[in-house]
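Undergrad: Chain residues, written in single-letter form:
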Amino acid sequence: MLELEFLIIFMILGAIIAIETKDMLSSVVAVGISGLGLSLAFLFLKAPDLAITQLVVEILCLIILIRATLRRDLPFSTSGRWYFNTTVTFVFLGAFLFLSYFILKELPSFGQPLMRVSEFYLNQGKNLTKATNLVTSIILNFRAYDTLGEATVLFTAVIGVLAVVRKIGRK
Amino acid sequence: MAGSKEVEWGDIWHNPLGGKERKMLEQKNNNTSEQKNKNTLEQTESKGMSLIVKTITRLTVGLILLYGIYIVLHGHISPGGGFAGGVIIALSFIHLMLAFGKEEVLKRFSSEYITFFEGLGATLFLGIAILGFLAGYFFLDFFVDKGAPFNLFSAGNIPLYNIAIGIKVSSGLFAIFVFLVLLRVIKDKDKQ
Amino acid sequence: MRVYFLCFILFAVGLYAILRKRNLIKIIIGTIICEYAVNLFLILIAYRKDGRAPIYSPGQEVKNMVDPLPQALVLTSIVIGLAVTALLVGLAIRIYEKYKTFDITKINQLKG
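Residue numbers (the working numbering), protein chains in the order written: chain D, 1 to 171; chain H, 1 to 192; chain G, 1 to 112.
Any given hint could be a false lead.
Calculated pairs, DSS-like style, for lysine-lysine (alpha carbon to alpha carbon, straight line, at most 27 Å) [as the list claims (entries may be wrong)]:
1) H:107 to H:47
2) D:22 to G:21
3) G:49 to G:98
4) D:22 to G:63
5) G:98 to H:102
6) H:102 to G:21
7) D:126 to G:63
8) D:126 to G:49
9) D:105 to G:100
10) G:100 to G:21
11) G:21 to G:106
12) H:54 to H:107
13) D:22 to G:100
14) H:54 to H:102
15) D:22 to G:49
16) G:63 to G:49
17) H:47 to H:102
Just some of the chain D residues that point at chain G, by a computed CB distance under 7 Å [as the list claims (entries may be wrong)]:
18) 38
19) 64
20) 95
21) 99
22) 104
23) 154
Keep in mind that the hints were calculated from the coordinates and are not lab data. Note that the Cβ used here is the ideal one computed from N, Cα and C, for glycine as well.
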């Protein structure tokens, strides 16, 4: 799928711009562009639920990031063990990408998934639950424990934010 | 007036600016004209955006809320569901808060109501799940007649779960935004 | 196969930002990029050639749909990623208030 590969190259360019720019506002905008590209990629991969969710979550993530970075720039300096750090990082990332080539040959090729468990959900999902959106019937009927775990994680994250930003503290 | 005194935990809940801080803020705003010039940036920021933005917000925020509720309720027929609809409802409240300023909106929605609704959503989700204990299962789908496939009232428990998740996600994300914003107002006043 | 490799390159870009950057906001942006790459990889595995979205339309019989199971997993993962990002940004704001900087080499005072 040629358009999908162009889209992922666009996302990679957006990510590289986001982490290399010295201006904070430009890097936040670049992350936003990368997220919108991901939402388009979900549409090409025939997943409309995920495209809607990724779009609105991306907007909210931009609002929260802008709140933290407005009017706070940081000067750039390269002190310390800079050369050793850079070479070790590049060697590690090069080994990671080289070894991933051998792993990716073992996966089923792009376009033919092994659907051993999903055959049951596709054939019997509409008869057993009478819901026409199969993804919703999976997350709320067949696999509802995962949704319970997700609700717990969201609750914990909200409580965590409330605990971190309250006013009690000593200077 | 160093910022090292401790404030009680109750202040941030009932009164977003705190009783003592509000009095000190008013005293400082009435003091000198130089301080008035310094404070105008925060004052105009907290009073919201320009008139065009406020007028458009009044027209469209109700439609955004309605669209979010539509996506939550039709989660079993069309793409969407509880999570996407919950985030859209939270975005409509955040839109209101960005356009009209912090104090105007926080006078109407206090922090107690937002956290109450979040707890209500989580409890509702768990409550519907535990009701299956009456028959010996957890997460039992207790509608025997599930209706025809493309109707609104069909698919058993799924619309009820979608509503609970919608309430929980929307109030949780709005609470995160309110508390991240509230910290800034008090911090800038402490630095002077 | 090329598509999987490009997705891994996106993950490596995010990993580089987490390991090498000195600004706390750039580290948070690296975490966001890593999370996009993982979600994309899970959906790439679930694509069937000439498939359709897993939603029924009234009056149509569809036979080949894409795999709905990884889509259900990624749907919750996206919202959890947002909550983790909000928590990290809250911590970063608190650190800025105390140390007046986002530089991680200057945040090294453990106080009680």
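Undergrad: Find the hints from earlier in the document that the structure breaks and name them by number, from lowest to highest.
TA: Checked against the structure, the hints that fail are numbers 3, 4, 6, 9, 15, 20, 21, while the rest are satisfied.
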